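Q: Taken in sequence, the protein lines are chains A and B. First residue of the first sequence: 1, per my numbering; consecutive thereafter. First residue of the second sequence: 1001, per my numbering; consecutive thereafter.
Hints may contain errors.
[What the hints assert, rightly or not] In the DMTMM-like style, the derived pairs of lysine to aspartate or glutamate whose C-alpha atoms are separated by at most 25 Å in a straight line are:
no.	chain 1	residue 1	chain 2	residue 2
1	A	Lys-179	B	Glu-1201
2	A	Lys-179	B	Glu-1224
3	B	Lys-1006	A	Asp-26
4	A	Lys-125	B	Asp-1143
5	A	Lys-179	B	Glu-1094
6	B	Lys-1048	B	Glu-1129
7	A	Lys-125	A	Glu-52
8	A	Lys-179	B	Glu-1237
9	A	Lys-125	B	Glu-1121
10	A	Lys-148	A	Asp-6
11	A	Lys-179	B	Glu-1146
12	A	Lys-179	B	Asp-1312
13	A	Lys-179	B	Glu-1171
14	B	Lys-1048	B	Glu-1171
15	B	Lys-1048	B	Glu-1017
16	B	Lys-1048	B	Asp-1013
No lab work stands behind these hints, which were simulated from the structure alone. Since we're looking at a predicted model, the values are computed, not measured.
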Amino acid sequence: MADRLDAGDVRERLLAVCRALQAARDELSAADREIGDGDHGVTMARGFAAAEEALRAAGPGLPGAQFRAVGMALMSHCGGAAGIVFGTLFLSMAREIRGDAIEAGDLCRGLRAALEAVARRGGAKPGDKTMLDALAPAAEAACGEPRKDIRRLLAEIAAAAGRGAEATREMLPRTGKAKTLGERALGHPDPGALSLTRIFEAFAGVDAGPRKQGASAAGATTGDREAPR
Amino acid sequence: MTRVKKILNDPADIVSEVLDGIVRLAEDDLVRVAGARVLHRRRIPEGKVGLVVGGGAGHEPMYSAFVGEGLADASVSGAVFAAPPPDQILLATEAAHRGRGVLYVYGNYAGDNMNFDVAAELAAERGIETRTVRVADDIATADPAERRGIAGAFYQVKVAGFACATRDGLEDAARLVERCRDNLRSLGVAVRPGSLPETGELTFELGENEIEIGMGVHGERGVERRELMPADELVEEMVRRLLADLPFSRGDEIAVLIDNLGATTWAELMIVNRRMRQLLDEAGIRVRRTDVGAWMTSQEMAGFSLTFLRLDEELAAALDHPVRAPGFAQGGG
């Protein structure tokens, strides 16, 4: 069956996300130094280290409960805006993932709910050069044609987020610490959008690999690749 | 990239060790909530309006060490340069609550705003009323609604401490603090960058001969990068921008804060003060008090900020009110 992810599979993927965001610390901090205060990588690494610990401490459980454990850990341990934003992402998804496996419909509803909740909390809109610019296309990809192989769908979500992150290069910041930069922020991607891309890539099992700073490697080709499992 | 040398143990323990150090400065008055990044007064009078201040760590003594008689009832620290999470803010809120609600005073940053807003919702669920007056003094940002909170926090927390100690209700206390916020203006300049203690990396890069006007206290880029200039010229530029912003006018009485961002010498600050006072004299603005110190720091960032608070009788009385906290103490005025 390729149309659902069972609880064990979800757990492995969430652990992979936790490891990937800890490994991305320097890449994300470098991106944040260009337009922020340079601590985004440290913030995310700290939050996902706590999330990994929470997942391991909780042991196997229903997919929704695992998403909730990650969300709570991020909310309490990232700090900054990132804790609320990424905590809200996982907690919103947790509420929409009710069964013993994740199906395409869960991803669609979960990401739509997350988009709405994050926008409401942060007061930002798509186009403001935030992680919403990666989340909105990801949610759209998740809600595309039904009956798709779920692993392929995950890869497409990651690719859509990557294209969204790339597009933030050309946007002017309207919120967060980058907002005072104005045009000086042009040419640099939003670090939160990059983080979201790394989350989706790791969850999809797409090997992000070593890369230069920037979102360009999360381009269209990943959509054709199968998850390695 | 060069790593900045620091006197540290495990970088993961920085905030916790700083808080333990602060408590030992005033152990009769202060206590730390076990396992949390929350400090609070041991004795908070019943029926007093509570005051919680907080924000990212790394700016010490602001905000964590501004807890004590006449100042905050509790403070909550995030990680270095990162807003504290809602569960920690809630702990501070519960520690400060004495039946009259709790006032939040913190810097206007997206992260702090979101975390304190979530905490306020959690507090409301527990029956604790809160009000928020954000510090938003940095004129480097044009839109007043989007201004960052920097060294002006020193005066805003001082006024809030007075208001919460002397007013009967949360609304009444908040109104005085809002008046402080509305009459408060700051502008900083960075000469050399600070660093993130966890990684030892600089938070921004500045050329050999460059300074940045309007630099944020987290190392966010400011609004204008300039060639290093003589102190007098720099002060003229900063005072001109500050006076024009409120605007301050002839006959105004103000309090002036010269804040050391971390690694600037007292000698430099006095050179600044000398020229600033000449300019204020020329503008017909009377200085009622001057505070010089490293109150809102950004690790070893070199540079300073100037803060002007336009006074009325009540705000002046609030500043004169005695306080006793590890970060700042003064006798009766």
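Q: Evaluate each hint against the coordinates.
A: Quick rundown of the hints versus the structure:
Between Lys-179 (chain A) and Glu-1201 (chain B) the CA atoms are separated by roughly 23 Å; this keeps the pair inside 25 Å, and the hint holds. Taken as a hint, the Lys-179 (chain A) and Glu-1224 (chain B) pair is honoured in the structure, with Cα atoms around 14 Å apart against an allowance of 25 Å. Between Lys-1006 (chain B) and Asp-26 (chain A) the CA atoms are separated by roughly 20 Å; this keeps the pair inside 25 Å, and the hint holds. A distance of roughly 18 Å separates the Cα atoms of Lys-125 (chain A) and Asp-1143 (chain B); the hinted pair therefore holds under the 25 Å criterion.
With a C-alpha separation of about 33 Å, the suggested pairing of Lys-179 (chain A) with Glu-1094 (chain B) is violated against the 25 Å cut-off. A distance of roughly 13 Å separates the Cα atoms of Lys-1048 (chain B) and Glu-1129 (chain B); the hinted pair therefore holds under the 25 Å criterion. Restraint check for Lys-125 (chain A) and Glu-52 (chain A): the C-alpha separation of about 30 Å exceeds 25 Å, so the hint is violated. For the hint pairing Lys-179 (chain A) with Glu-1237 (chain B), the CA-to-CA distance comes to about 23 Å; that is within 25 Å, so the pair holds.
Taking the CA atoms of Lys-125 (chain A) and Glu-1121 (chain B), the gap is near 22 Å; set against the 25 Å cutoff, the hint holds. The hinted pair formed by Lys-148 (chain A) and Asp-6 (chain A) meets the criterion: a straight-line CA distance of about 16 Å does not exceed 25 Å. About 9 Å separates the Cα atoms of Lys-179 (chain A) and Glu-1146 (chain B), which keeps this hinted pair within 25 Å; it holds. Under the criterion of a C-alpha separation no larger than 25 Å, the hint pairing Lys-179 (chain A) with Asp-1312 (chain B) is inconsistent with the structure, at around 33 Å.
For the given pair, Lys-179 (chain A) sits about 31 Å from Glu-1171 (chain B) by alpha-carbon distance, which is inconsistent with the 25 Å threshold. This hinted pair checks out: Lys-1048 (chain B) and Glu-1171 (chain B) have alpha carbons roughly 13 Å apart, not beyond 25 Å. Distance restraint check for Lys-1048 (chain B) and Glu-1017 (chain B): the Cα-Cα separation of roughly 30 Å exceeds the 25 Å cut-off, and the hinted pair is therefore not satisfied. Distance restraint check for Lys-1048 (chain B) and Asp-1013 (chain B): the Cα-Cα separation of roughly 34 Å exceeds the 25 Å cut-off, and the hinted pair is therefore not satisfied.
Violated hints for the displayed structure, listed by number in ascending order: 5, 7, 12, 13, 15 and 16.
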